[in-house]
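*Asks:* Add chain G to chain F, keeping to what the hints say.
If you're matching them up, the sequences are chains F and G in order.
Note that the first sequence covers residues 1 to 474 in our numbering.
Note that the second sequence covers residues 1 to 242 in our numbering.
These aren't lab readings, by the way, just hints derived from the structure by calculation.
Predicted, not measured: the structure shown is a model, and the values here were computed from it.
Glycine is no exception: its CB is placed at the ideal position from the N, C-alpha and C atoms.
It cannot be assumed that every hint is accurate.
Pairwise CB distance ranges (calculated) [unchecked claim]: (1) 118(G) to 38(F): 16 to 24 Å; (2) 193(F) to 168(G): 46 to 54 Å; (3) 42(F) to 151(G): 17 to 25 Å.
Calculated Cβ distances over 12 Å to all of chain G for the following chain F residues [as the list claims (entries may be wrong)]: (4) 17; (5) 79; (6) 84; (7) 124; (8) 147; (9) 161; (10) 246; (11) 381; (12) 401; (13) 434; (14) 454.
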Amino acid sequence: MSERPALQLRDRAVKALKDDQMRQAVRNAVDRLSGNKEKAARELPHWEQWREQTRLIRQHTIDNLDYYLKMLTDNVRKAGGQVHFALTAEAARGIITGLCQQYEAKLVVKSKSMVTEEIHLNPALEKAGMEVVESDLAEYILQLAGETPSHIIVPAIHKNRYQIADLFSQVAGEKVESDTPALTRFARQTLREKFMEADIGITGCNFAVAETGSVTLVTNEGNARLSTALPRVVISVMGMERLVPAFEDLETVLSMLPRSATGQKLTSYISVINGPRQAADIDGCEKFHLVIVDNGRSRILADEEYRQSLNCIRCGACFNVCPVYRQIGGHAYGSVYGGPIGSVITPLLENDFAFWGELPYASTLCAACTSTCPAKIPLQELLLKLRAHRVSAGYTNTFEKIAFGLWKRFFKLPGTYKFAMKAASLGQKPLVKNGYITARIPLLANWTNSRYLPAAADETFRDRWKKRKKQVSP
Amino acid sequence: MKASIFITCICDSMYPQVGDSMVRVLEKLGVTLDFPPEQTCCGQPALSSGYWEDAKPVAETMLTAFKNSEYVVAPAGSCITAIKEYYPALFEQNPDQYRQAKELIGKIYEFSEFVVKILKKEDVGASFPHRVTYHSSCHARRFLNTDEYILALLKNVREIDYVPLPHEEACCGFGGTFAVKLPEISEAMVDEKVRNIFETKADVLIGTDLSCLMNITGRLRKQKSNIRVMHMAELLDEGMRT
Numbered sequence: 001m002s003e004r005p006a007l008q009l010r011d012r013a014v015k016a017l018k019d020d021q022m023r024q025a026v027r028n029a030v031d032r033l034s035g036n037k038e039k040a041a042r043e044l045p046h047w048e049q050w051r052e053q054t055r056l057i058r059q060h061t062i063d064n065l066d067y068y069l070k071m072l073t074d075n076v077r078k079a080g081g082q083v084h085f086a087l088t089a090e091a092a093r094g095i096i097t098g099l100c101q102q103y104e105a106k107l108v109v110k111s112k113s114m115v116t117e118e119i120h121l122n123p124a125l126e127k128a129g130m131e132v133v134e135s136d137l138a139e140y141i142l143q144l145a146g147e148t149p150s151h152i153i154v155p156a157i158h159k160n161r162y163q164i165a166d167l168f169s170q171v172a173g174e175k176v177e178s179d180t181p182a183l184t185r186f187a188r189q190t191l192r193e194k195f196m197e198a199d200i201g202i203t204g205c206n207f208a209v210a211e212t213g214s215v216t217l218v219t220n221e222g223n224a225r226l227s228t229a230l231p232r233v234v235i236s237v238m239g240m241e242r243l244v245p246a247f248e249d250l251e252t253v254l255s256m257l258p259r260s261a262t263g264q265k266l267t268s269y270i271s272v273i274n275g276p277r278q279a280a281d282i283d284g285c286e287k288f289h290l291v292i293v294d295n296g297r298s299r300i301l302a303d304e305e306y307r308q309s310l311n312c313i314r315c316g317a318c319f320n321v322c323p324v325y326r327q328i329g330g331h332a333y334g335s336v337y338g339g340p341i342g343s344v345i346t347p348l349l350e351n352d353f354a355f356w357g358e359l360p361y362a363s364t365l366c367a368a369c370t371s372t373c374p375a376k377i378p379l380q381e382l383l384l385k386l387r388a389h390r391v392s393a394g395y396t397n398t399f400e401k402i403a404f405g406l407w408k409r410f411f412k413l414p415g416t417y418k419f420a421m422k423a424a425s426l427g428q429k430p431l432v433k434n435g436y437i438t439a440r441i442p443l444l445a446n447w448t449n450s451r452y453l454p455a456a457a458d459e460t461f462r463d464r465w466k467k468r469k470k471q472v473s474p
Numbered sequence: 001m002k003a004s005i006f007i008t009c010i011c012d013s014m015y016p017q018v019g020d021s022m023v024r025v026l027e028k029l030g031v032t033l034d035f036p037p038e039q040t041c042c043g044q045p046a047l048s049s050g051y052w053e054d055a056k057p058v059a060e061t062m063l064t065a066f067k068n069s070e071y072v073v074a075p076a077g078s079c080i081t082a083i084k085e086y087y088p089a090l091f092e093q094n095p096d097q098y099r100q101a102k103e104l105i106g107k108i109y110e111f112s113e114f115v116v117k118i119l120k121k122e123d124v125g126a127s128f129p130h131r132v133t134y135h136s137s138c139h140a141r142r143f144l145n146t147d148e149y150i151l152a153l154l155k156n157v158r159e160i161d162y163v164p165l166p167h168e169e170a171c172c173g174f175g176g177t178f179a180v181k182l183p184e185i186s187e188a189m190v191d192e193k194v195r196n197i198f199e200t201k202a203d204v205l206i207g208t209d210l211s212c213l214m215n216i217t218g219r220l221r222k223q224k225s226n227i228r229v230m231h232m233a234e235l236l237d238e239g240m241r242t
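So that you can see chain F by itself, here it is in the shape it has in the complex (with noise of 0.2 Å):
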């Protein structure tokens, strides 16, 4: 899936952290974001058994995936549409270029795919000697400043409106004003032109239907529309997760999307793709073709309690309210999907517990995205069993053994830990001033470099406590 990242998860942290622009711009979207979310919540009747609702649908199909996927398979064919299945990123970029390819194609417009990200199919395709278009604003931009996503519903969110004008101008040749009308303007006729041009559009999918073989698509510019309406082949890349049984799954899983991603009640285009133009329709594409991914999804399917993490329905909620993606941005992850819910499916996905397995320690477990999680997916329980499966599996520093083994020793017995706490009262003595510890010594300077640590008191409460019982009672 993703590339490694060169550096270590602490020190893409240090590096975002030095990001100030990043940090504000991240910062101020994330609290609109999770301000309007909260009113949206608040303004739809009865939001907790629409949460409850939302995780029975993705749970049942979750739980009966195998079905789901065939009927589904079944009604995309009966449309007239061609189903494939990839069980790598490596198999899926294969089909795609494959397919387009096969139909000759010179320009490609895509519409916003988080699957598309982690498949890595744009290089591939641009390397088969293809132009590639991202249709979706933000991916537009990204692409200008050969960037990767960093929020899974705004995946521009680190970037402030005059890098953009910086960036069109550069494109445009002149100077384009850093309003939002001017950009949107700028956007809007450069891609206008790419879209009837295209030969093929590429989109993801927020949910298909089983029932009826459609792809559903959420977008708040059209470009969904436009990339499937308008070239002669389209092709949609879905996670092999994500489905609904009928239709009127829909109602709530599409009430939920929009108000826990941005607080919008809807939003401004939902497209549903039924196969490839039929005899009577005045528009669409002439062939359809639906790639179903697997990459790592049956692995977490395997296992009851990660499975919960497929009932993802890609809102970026947990993003939002994440105290310590507000701090660091997306990019710090290092991973196609990033916050809470990245921290939990990267290292399932990869089946890489040495190098992703570091993503868990991302949270202070705070549970602030199992809260708003509009699935209400436990990923607070998730990030910690992730954790204990690393310690498990041998993956963690020597020293951090050694420490937890020592803890154990000292803490299991109340005349051990008695000594250890006053073994540590008195060890620390010389550190001591005022009451707290402030010099930054090896082990201690994580904590010193940026706060006092309090110096354990002279006398233990327990020490205290036996004391007072002994004044007490004679």
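*Replies:* Below, chain G without anything else, positioned relative to chain F:
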């Protein structure tokens, strides 16, 4: 009423005065307290870091210590949450310990929760003439819902000038080993917390979780701020004496 106190390891070693305050307040409210000496730590540091095997023997001390208690009261929501959240899974292989864990979960309360819910006291007759803001700890807030008890108690404190903390719901950045594993992110988080505290112009910050308070105090003192940081039990204890 009889209750046992669970003085968490941070309270025992670093903040024994908070334990004293809790004892004084509860005794004034008519509770007979005992301190089972077998207790050490709930095991949370190891549990939240993924070291479940190391956590087990330590968590067992909790089961033993409070086997015969009617109620257990502690000055830390996060330790109680750890017990409620992790113990059933930790002890699921051993029916006897699993039953003991369930019993403990059924009778353990965070201090303010115990005062309001069990003792049914929202007004303890305290007076505290200071500008006070409150940091709501994540575990207590999201698992135990203790904010309502704290706010009920604060509402009845005479002469208090209570100011809500902006971004009250945001984590302070401690997160146990998180603070030492990813210290720079932790610093950025506690820094934002401290900025929000300054914004309230409060003289006193209160909370119910000593680990969060330790983290926030550490940052305040490093920035040479003298804002008083108190546990809720300390505020009531001081307020009941005046």
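*Asks:* For every hint, state whether the structure bears it out.
*Replies:* Against the structure, the hints:
no., hint, in the structure
1, 118(G) to 38(F): 16 to 24 Å, "32 Å, violated"
2, 193(F) to 168(G): 46 to 54 Å, "50 Å, holds"
3, 42(F) to 151(G): 17 to 25 Å, "19 Å, holds"
4, 17, "6 Å, violated"
5, 79, "45 Å, holds"
6, 84, "39 Å, holds"
7, 124, "34 Å, holds"
8, 147, "21 Å, holds"
9, 161, "24 Å, holds"
10, 246, "34 Å, holds"
11, 381, "8 Å, violated"
12, 401, "8 Å, violated"
13, 434, "9 Å, violated"
14, 454, "5 Å, violated"
In this structure, the hints that do not hold are numbers 1, 4, 11, 12, 13 and 14, in rising order.
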